[in-house]
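Asker: Sequence:
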Amino acid sequence: MSTLSDILGRGFFPKELPNPFTTTSFATAVGAAQPGTLPGALSFAGSTKIPKGLEPGKLVKYSHARGGLRRRLLSIPNPIHYFLLCSEICKSWTKLQPLVSDLTISATAPKPSPKGRALQGAYGLKHRPDLETRTRLNNRFILKTDISRFYHSVYTHSIPWAILTKPIAKEKRSFTQSYANRLDYWVRMGQDQQTVGIPIGPDTSLLIAELVMQRCDREVASKLPGLRGHRYIDDYELGFRYRTRAEDSYHHLEQILGKYELALNPLKTSIHALPQDSESPWVSEITSFLIRTGATTQRADLRRYFDLAFRHQNASREEPVLQLAVARLRNLHVHEQCWERFQHLLLLAASPYPACLPYVLENIILRVNKGNPLDKDSLEEVLNTLIEEHACLPHSSEVAWSIWASIALDIPIHSDAVAELEDSEDSVVALLALHAESLGRMKRPLEKSKWLPHMTTEGLYDDQWLLAYEAAIKGWLPSQGGGDHVSGDPAFNWMRNAGVSFYDIEGAAPPTPGTAPEPKPPTSSIFLFREASA
248 MSTLSDILGR
258 GFFPKELPNP
268 FTTTSFATAV
278 GAAQPGTLPG
288 ALSFAGSTKI
298 PKGLEPGKLV
308 KYSHARGGLR
318 RRLLSIPNPI
328 HYFLLCSEIC
338 KSWTKLQPLV
348 SDLTISATAP
358 KPSPKGRALQ
368 GAYGLKHRPD
378 LETRTRLNNR
388 FILKTDISRF
398 YHSVYTHSIP
408 WAILTKPIAK
418 EKRSFTQSYA
428 NRLDYWVRMG
438 QDQQTVGIPI
448 GPDTSLLIAE
458 LVMQRCDREV
468 ASKLPGLRGH
478 RYIDDYELGF
488 RYRTRAEDSY
498 HHLEQILGKY
508 ELALNPLKTS
518 IHALPQDSES
528 PWVSEITSFL
538 IRTGATTQRA
548 DLRRYFDLAF
558 RHQNASREEP
568 VLQLAVARLR
578 NLHVHEQCWE
588 RFQHLLLLAA
598 SPYPACLPYV
608 LENIILRVNK
618 GNPLDKDSLE
628 EVLNTLIEEH
638 ACLPHSSEVA
648 WSIWASIALD
658 IPIHSDAVAE
668 LEDSEDSVVA
678 LLALHAESLG
688 RMKRPLEKSK
698 WLPHMTTEGL
708 YDDQWLLAYE
718 AAIKGWLPSQ
728 GGGDHVSGDP
738 AFNWMRNAGV
748 SFYDIEGAAP
758 PTPGTAPEPK
768 PPTSSIFLFR
778 EASA
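If you count the sequence shown from 1, position 271 lands on 518 in this note's numbering, and the numbers rise without skipping.
To be clear, the hints were calculated from the coordinates, so they are not data collected in a lab.
Take the hints with a grain of salt, since some may be wrong.
List time: in silico DSBU-like cross-link candidates among lysine-lysine, alpha-carbon distance up to 30 Å [as the list claims (entries may be wrong)]:
#1 338 <-> 413
#2 338 <-> 417
#3 470 <-> 342
#4 358 <-> 470
#5 305 <-> 358
Given the structure is predicted, the values throughout are model-derived calculations rather than measurements.
All chains, please: the whole structure from these sequences, using the hints.
Answerer: Below, the structure is given as structure tokens:
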């Protein structure tokens with residue numbers, strides 16, 4: 248198993264957040280603490296007795312653009328409850344590991360990793376063509392289906408059902424009787440005691456999802472002997488010689504998942520006669536497109552390449568076409584005579600399709616760091632428009648990455664955009680905005696009255712805990728009601744004294760005038776720059 252420091256440092260915050268958000272200092276601090284010395288709620292780690300007086304925590308929400316109208320609601324758990332959950336997982340790993348290691352159907356069995364995310368699926372996205380080939384070999388039909396709102400519908404009580412079996416779990420329900428019940432308890436306490444759904448983002452959710460799904464896999468395999476197929480998170484592809492067997496198998500699968508309060512999505516269920524393409528035509532066309540290096544030829548190639556990408560994006564509105572198209576340009580040598588056109592084409596993609604904004608910023612910043620001049624006027628216009636249009640929706644990723652770019656590239660944020668930011672109820676956006684103001688990026692001062700009510704001891708456990716803690720230790724917002732609200736909670740006060748910060752200023756601001764920090768390589772469902780959990 249990855250160490251507790253690994254899963255806290257590399258498996259806590261969602262990987263989609265902008266550069267400054269980090270959990271490294273938190274992992275270091277609790278990892279260095281002597282056993283039995285952690286104060287307040289942190290002291291409950293490893294206990295087999297139900298904790299008395301522990302406040303439930305609420306999740307910070309982050310709305311991430313996936314492309315088209317699709318979004319993914321990511322979550323940032325309270326550090327106290329995430330630490331307690333991870334402590335129980337690490338303590339119980341020798342019992343958990345055999346329950347999540349079956350690769351008969353699962354392609355995403357979680358494995359500790361020395362780099363990237365702390366826990367990663369056994370097979371990455373790049374392995375899916377091979378998995379599909381094995382599934383389809385000597386078969387004539389494939390059944391494709393997935394689970395409706397999978398992470399949002401996982402029932403926390405199904406954790407002990409998966410570990411102990413449902414009948415035994417119903418007999419042994421207490422916190423003290425089994426680590427399975429403690430896992431259920433810590434998950435619930437980290438999400439305001441909700442029993443339906445688990446957070447999307449932390450590595451622990453991959454582990455919990457696989458606990459439940461591999462129990463289902465074992466039942467499916469026993470019901471359908473000789474089954475050939477694979478499951479990637481919640482996406483199934485199963486192969487069959489006969490269509491009627493594929494239809495029957497769908498109903499068996501539906502029945503088994505129903506025992507664990509899960510349901511298949513009929514809108515994403517289909518049976519296909521083989522052979523079938525292994526990838527969409529647009530993927531092949533974009534990844535095989537050659538952009539030449541000469542000034543004249545590259546100008547023409549760039550225009551044709553983006554025209555191709557725009558055409559495919561319009562034809563496949565829900566697919567990450569532009570993410571892939573922009574991401575694969577990371578290592579392109581852009582001729583100096585084409586640099587201005589290159590920037591403009593990138594911004595043409597980002598403005599109507601902001602899901603690719605992190606990739607656009609990466610391409611620009613990598614080249615600005617090498618001395619290429621930045622078209623600040625064009626970028627300023629696009630970033631401010633994105634903030635004005637998306638802050639009120641509220642779309643976290645579009646706004647957060649736009650503010651980060653303004654910090655990193657010294658881009659002013661206009662008064663109209665500032666007005667939209669003031670109404671934000673998003674901790675990630677608020678912290679970036681406060682940092683931008685401290686650097687003088689705002690055209691006028693921020694009105695902070697909407698954020699001040701969270702600056703209380705109680706606020707350290709609500710859905711703005713990240714703002715309540717980080718804005719206090721940075722001195723960006725004052726405590727409310729007198730006194731110091733962080734000092735009012737022993738666990739958070741210890742974290743502050745231990746140097747724990749979840750927002751790294753050095754990861755946001757330019758290290759030297761005119762030089763932007765290199766961004767964390769973004770990820771997409773098709774193209775990955777760094778290893779990440781499935």
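Asker: Against each hint, give a clear statement of whether it holds in the structure.
Answerer: Structure-based check of all given hints:
no., hint, in the structure
1, 338 <-> 413, "23 Å, holds"
2, 338 <-> 417, "23 Å, holds"
3, 470 <-> 342, "25 Å, holds"
4, 358 <-> 470, "27 Å, holds"
5, 305 <-> 358, "28 Å, holds"
The earlier numbered hints are all upheld by this structure, with none contradicted.
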